[in-house]
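**Q** Protein chains in written order, with numbering that gives the first Met the number 0: chain A, 0 to 78; chain B, 0 to 375.
Hints should not be assumed to be uniformly reliable.
[What the hints assert, rightly or not] Covered stretches of chain A, going by a simulated chain B footprint (3 or more residues, C-beta under 8 Å):
{"#": "1", "stretch": "28-36"}
{"#": "2", "stretch": "56-64"}
[To be verified] No more than 30 Å apart at the CA atoms, straight line, and that leaves these computed lysine-lysine pairs for DSSO-like:
{"#": "3", "chain 1": "B", "residue 1": "K214", "chain 2": "A", "residue 2": "K3"}
{"#": "4", "chain 1": "A", "residue 1": "K3", "chain 2": "B", "residue 2": "K208"}
{"#": "5", "chain 1": "A", "residue 1": "K3", "chain 2": "B", "residue 2": "K205"}
[Claimed, not checked] Partner residues are not named here, just some residues of chain B that face chain A (Cβ under 8 Å, in silico):
{"#": "6", "residue": "V95"}
{"#": "7", "residue": "A97"}
{"#": "8", "residue": "I137"}
{"#": "9", "residue": "G142"}
{"#": "10", "residue": "A147"}
{"#": "11", "residue": "R234"}
{"#": "12", "residue": "N259"}
In case anyone wonders, no lab produced these hints; they're calculated from the structure. Just so it is clear, CB atoms sit at the ideal spot from N, CA and C, and this is done for glycine as well.
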Amino acid sequence: MFRKRPEPAPAKAGVPVTVEGRDIRVPEGVSAAAAVLLAGLPAIRETAVTGAPRGPYCLMGICFDCLAGSTASPTGRAA
Amino acid sequence: MPPDRIDFAVIGAGPAGMAAATLAAELGLDTLLIDEQDAPGGQIYRAIEGADDDSPLGGDYLAGRLLVDEFRESVAAYRPAATVWHIDPDGTVSLVSAGGSEAIRARRILLATGAYERPVPIPGWTLPGVMTAGAAQIMLKTGDLVPAGRAVLAGQGPLLWLVAAQLIRAGAPPAAILETAPHPNYHAAARLLPRVLWPARRALWKGLKLIREVKRAGIPIRREIAGLRVLGRDRIETVAWDSGELPADLLLLHEGVIPNTQISLALQLDHRWDAAQLCWRPVVDEWGATALSTIAVAGDGGGIAGAEAAALSGRLAALDAAAFLDRIDPAERDRRARPIRAALRRERAARPLLDRLSRPRSSSPRTTSPPAAARR
Numbered sequence: 000m001f002r003k004r005p006e007p008a009p010a011k012a013g014v015p016v017t018v019e020g021r022d023i024r025v026p027e028g029v030s031a032a033a034a035v036l037l038a039g040l041p042a043i044r045e046t047a048v049t050g051a052p053r054g055p056y057c058l059m060g061i062c063f064d065c066l067a068g069s070t071a072s073p074t075g076r077a078a
Numbered sequence: 000m001p002p003d004r005i006d007f008a009v010i011g012a013g014p015a016g017m018a019a020a021t022l023a024a025e026l027g028l029d030t031l032l033i034d035e036q037d038a039p040g041g042q043i044y045r046a047i048e049g050a051d052d053d054s055p056l057g058g059d060y061l062a063g064r065l066l067v068d069e070f071r072e073s074v075a076a077y078r079p080a081a082t083v084w085h086i087d088p089d090g091t092v093s094l095v096s097a098g099g100s101e102a103i104r105a106r107r108i109l110l111a112t113g114a115y116e117r118p119v120p121i122p123g124w125t126l127p128g129v130m131t132a133g134a135a136q137i138m139l140k141t142g143d144l145v146p147a148g149r150a151v152l153a154g155q156g157p158l159l160w161l162v163a164a165q166l167i168r169a170g171a172p173p174a175a176i177l178e179t180a181p182h183p184n185y186h187a188a189a190r191l192l193p194r195v196l197w198p199a200r201r202a203l204w205k206g207l208k209l210i211r212e213v214k215r216a217g218i219p220i221r222r223e224i225a226g227l228r229v230l231g232r233d234r235i236e237t238v239a240w241d242s243g244e245l246p247a248d249l250l251l252l253h254e255g256v257i258p259n260t261q262i263s264l265a266l267q268l269d270h271r272w273d274a275a276q277l278c279w280r281p282v283v284d285e286w287g288a289t290a291l292s293t294i295a296v297a298g299d300g301g302g303i304a305g306a307e308a309a310a311l312s313g314r315l316a317a318l319d320a321a322a323f324l325d326r327i328d329p330a331e332r333d334r335r336a337r338p339i340r341a342a343l344r345r346e347r348a349a350r351p352l353l354d355r356l357s358r359p360r361s362s363s364p365r366t367t368s369p370p371a372a373a374r375r
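This is chain B alone, in the form it adopts within the complex (with noise of 0.2 Å):
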């Protein structure tokens, strides 16, 4: 018979909840993985485990094999192709699949629902052909697919440069890139640079290679580019900008990532306005646990830092929930934390420095028709 209670229902199959749903079942709680995909690897991994080897998406991505095998192997239980559509506070998980509605009801639940594209409102957004840079790039994880015709990448962020050179990989040069990082970016960044420039080698030295492989690809770059808008009828068309046009068949925005909050704000939980990378994000402590003492948060969800701090916070949260339902007592969980924090340190070095390199502008959008003002 089933029991009443699942003791930690983690929401989320990305690298936060694979490695929160792995570790928490093996310290012996009985653990549930619910999320929305057919397969786990949350978007970053999407589609992982039906990667080849030689992949155009990279050895970044490829690396999350191990977090997915590990998972695969755990003995907590998975139930993918599911969308959690309410949670009370209570504890109580409402999910709709097809197969029908449910409801689970867990001690602690974690959400690791992750990070999503900031969107991008330009004039003309929303006509057919224009779409996010991470679209682009799931149209390649999951099917092997490429943009036909002419892609234009537009905005600024390392994913914006890692899209493109997998494209070239791909086979499928984009056909112009158009970057929005305003000059005071890099005087800003520049200024950081003595700080973070020995934690951040890492990071800075992809960024670097990813910009080299796209220039040496031959792919038109035009910078400091403002004033970005879609032309078309019923579809792109052309996309334009203060100081020139291209045509073009697909657009591919992207303007950095921010925290997926749908759940945290829904539970009404506590946000802060995290002014370095412009974005909200759910109040949480060190071990990623919130007011509500049955909820808590890891991963992108929670703050935006990338995939190998992902797995790590997830890690913490495990441990966290494990001493909650005192399965291990604090000084254990503390001193397995200690690690996992160091690591987690060396992960969050270059954070400040990407962040204000690929800092949005703030711009008042242009409007097609006079403002309300103008129309009195």
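Chain A on its own, in the form it takes in the complex (with noise of 0.2 Å):
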């Protein structure tokens, strides 16, 4: 869902994080949620009702629907 800017863009090397079992590079200091759009996931949670598909929706912390039980964020919150 997202990508890298194409050149001309500084050469940064990344940080090696893996999402779902997928090894890739992200840029320092981005958020976890922003490592699972870069890893093209279709979904970072699914809702505890019915079980609906979620992505992240603001990436400021506020709307609250990019929560992942596993980070370490002590809000639950991925972005």
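Make the complex out of the two chains shown on their own, each in a separate frame, by following the hints.
**A** Encoded structure:
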């Protein structure tokens, strides 16, 4: 759903992360939600009641649609 | 030994918070700036310390560097990566961070939590691949990341055109722009023009230049879009509206920004409905002070007025806090406030026009199942 900006862009090495078993490199400092979007996952979670797939919406910590259970965030948000 | 109470706790490291903390520290207040992000800047100047001079985000974004540098050079303390989850009216701020939970006591607290994009609850808006225009901007700011595939921008307001221009500059032009501003917006805005044209000239000129930049890039633009909805099984596949549809991999929605009143509402402060901006805003005086003597508000969290106005209102709040804590007398507070208020008046001049131009249409959302009354 997102990709690295095309050239000319400063070349930065990036940080290796594993998203759902896929090894990718993400720019240093981006959120876990951004890594999920970069990896092209179809969703970041399923809702508790209906199981509907959800992806990140606001990327700024206000919508709570990016809740991911196993992140280091004390509030559960991936963004 | 740390003091049992600090003087001034500022919540939010955007322009209002940074300007307030910087000035408060200069005035001799024991100041702490608390923020959720890892670096200062808030959302509008997010990741600015790592930005390049030729960033596709443009000059207005890069201008935030000055505020950040001044804050870094100030003697205000800084607690990044911490979420405020509760505030007591007695001045106790409860935080949670990776290191655990703690409480900080302050004599005065400034809420500088900024704004967020008005939610746009169109049918299908919960499908993966539907995000806000600001979210795409955050991807650009934090990681030089752009949409992959067909990205459609839909909505109205300055940010819609700004993000479109930024994506074009970053080499990822959107596939289309669907503008939802209804015709009456332009008529009503035109009636305001004689009064605001001169004071609003800079904002208007910037807006026209952005629209021109987007048009020159050849992006298909559709206007007066109604009935916007998203179709797809497990993620977005199509963006549809009353008179058309487009395939899309990403939909970026925007219908303006509104104050982040989470904390002010949790504190049960009085709020009033702003009919021009169609949002709730906390009731504050001309210094940002509220009915609770420990709590004040500055920046867009008190009412949308933009980044420059936010910094100015942050400084007014710092002056007021200093007077409240008897570090300066009211006469000095008023004297130092005068040039700030003059600048604030200039910054706010364009606001009535911008509000009227991008006023969301009020419409009943389409439903996928019959309304309750019809089912009885």
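**Q** Next, verify each hint and record whether it holds.
**A** Results for each hint:
| no. | hint | verdict |
| --- | --- | --- |
| 1 | 28-36 | holds (count 5) |
| 2 | 56-64 | holds (count 8) |
| 3 | B/K214 x A/K3 | holds, 24 Å |
| 4 | A/K3 x B/K208 | holds, 27 Å |
| 5 | A/K3 x B/K205 | holds, 28 Å |
| 6 | V95 | holds, 5 Å |
| 7 | A97 | holds, 6 Å |
| 8 | I137 | holds, 4 Å |
| 9 | G142 | holds, 4 Å |
| 10 | A147 | holds, 4 Å |
| 11 | R234 | holds, 6 Å |
| 12 | N259 | holds, 7 Å |
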